[in-house]
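*Asks:* Chains A and C, in that order, give the protein sequences. At the far end of the first sequence sits residue 118, using my numbering, and the numbering has no gaps. At the far end of the second sequence sits residue 107, using my numbering, and the numbering has no gaps.
Where hints are given, some of them may not hold.
Computed cross-link-like contacts, BS3-like style, restricted to lysine-lysine with a CA-CA straight-line distance of at most 27 angstroms [as the list claims (entries may be wrong)]: (1) K64(A) with K30(A); (2) K39(C) with K43(A); (3) K39(C) with K103(C); (4) K42(C) with K103(C); (5) K39(C) with K107(C); (6) K42(C) with K107(C); (7) K42(C) with K43(A); (8) K43(A) with K107(C); (9) K45(C) with K43(A); (10) K103(C) with K45(C); (11) K45(C) with K107(C); (12) K30(A) with K45(C); (13) K43(A) with K103(C); (14) K64(A) with K43(A).
Going by beta-carbon spacing under 7 angstroms, a handful of chain C positions derived as facing chain A [said to hold, decoys possible]: (15) A43; (16) D91; (17) L96.
Because the hints were derived from the structure by calculation, they are not lab data. In this text, a Cβ means the ideal position worked out from N, Cα and C, and glycines have one as well.
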Amino acid sequence: EVQLLESGGGLEQPGGSLRLTCVASGFSFKNYVMNWVRQAPGKAPEWVSTISETGSTYYTDSVKGRFTISRDNSRNTLFLQMNGLRVDDTAVYYCARDIPGIGNFDIWGPGTMVTVST
Amino acid sequence: AIQMTQSPSSLSASVGDRVTISCRASQAISNYLGWFQQKPGKAPKILIYAASTLISGVPSRFNGSGSGTDFTLTISSLQPEDFATYYCLHDYNFPLTFGGGTKVDIK
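With the sequences and hints as input, model every part of the structure.
*Replies:* Here is the structure:
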């Protein structure tokens, strides 16, 4: 079964750091573009970052310079290092797989909650 | 960044109704558009990609159309399991952006 499973969320103070992990199973992870998407409570989803099969990376403006996406193909794992956390980073964070050659997101994990608060 | 404007933001409908949701892009995006369904506490689920291609396993009552700037998701005969929030997403270029959502609830 094709699956994604996120972990690493939690409560962190403003200015702190968290590292999110997404473990993939059931497909050839190294061949897929992968993404992070977040959704603040009661809001629409927001694309955060993308990493290509070859390691090219893209970020939404609000996280540039603070968040870093990376992948370890030997462990079928996607990461999101989040530094300089802000209250408005509070959201459920999802990892999502691209449809090959198409874009858009066909497989999503269940999400991990990140809360940034004093 | 391309803005995606969805309308309406909410609607009330009955089982069996035909429902239409619109999504407008602030600039032409060809057919680089997907539609998602989200139920409370769950991740979004893709229904349609490339504006009109139905994902395998999605019921044929869901239909997507449009190109350029104007897109439509139509549910031909609303079923009880279709009450949810629907989002469009463009993947024409970075940054990818979602529409604001359309909540479909029971009349």
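*Asks:* Is the interface hint for A43(C) satisfied, with its Cβ closer than 7 angstroms to some Cβ of chain A?
*Replies:* 4 angstroms, holds
*Asks:* Measure nothing beyond the straight line between the CA atoms of K39(C) and K107(C); if it is 27 angstroms or shorter, mark the hint as holding.
*Replies:* 17 angstroms, holds
*Asks:* Does the alpha-carbon distance linking K103(C) and K45(C) stay inside the 27 angstroms limit?
*Replies:* With a Cα-Cα distance of about 15 angstroms, the restraint between K103(C) and K45(C) holds, given a limit of 27 angstroms.
*Asks:* Just to be careful: measuring from the Cβ of L96(C) to every Cβ in chain A, is the smallest value less than 7 angstroms?
*Replies:* 4 angstroms, holds
*Asks:* For the pair supplied as a hint, K43(A) and K103(C), is the alpha-carbon distance within the 27 angstroms limit?
*Replies:* 12 angstroms, holds
*Asks:* Are the Cα positions of K45(C) and K107(C) separated by 27 angstroms at most?
*Replies:* This hinted pair holds, its Cα atoms lying about 24 angstroms apart.
*Asks:* Taking 27 angstroms as the top limit, are the C-alpha atoms of K42(C) and K43(A) close enough?
*Replies:* 14 angstroms, holds
*Asks:* Given the hinted pair K42(C) and K103(C), is their alpha-carbon gap at most 27 angstroms?
*Replies:* Between K42(C) and K103(C) the Cα gap is close to 15 angstroms, so the pair holds against 27 angstroms.
*Asks:* Given the hint that K42(C) pairs with K107(C), does the C-alpha gap stay at or below 27 angstroms?
*Replies:* 23 angstroms, holds
*Asks:* Given the hinted pair K43(A) and K107(C), is their Cα-Cα distance within 27 angstroms?
*Replies:* 23 angstroms, holds
*Asks:* When the nearest CB of chain A is found for D91(C), is that gap smaller than 7 angstroms?
*Replies:* 3 angstroms, holds
*Asks:* Is the straight-line distance between the alpha-carbon of K45(C) and that of K43(A) 27 angstroms or less?
*Replies:* Holds, because 16 angstroms separates the two Cα atoms, which is no more than 27 angstroms.
In summary, the structure agrees with every hint in the numbered list given earlier.
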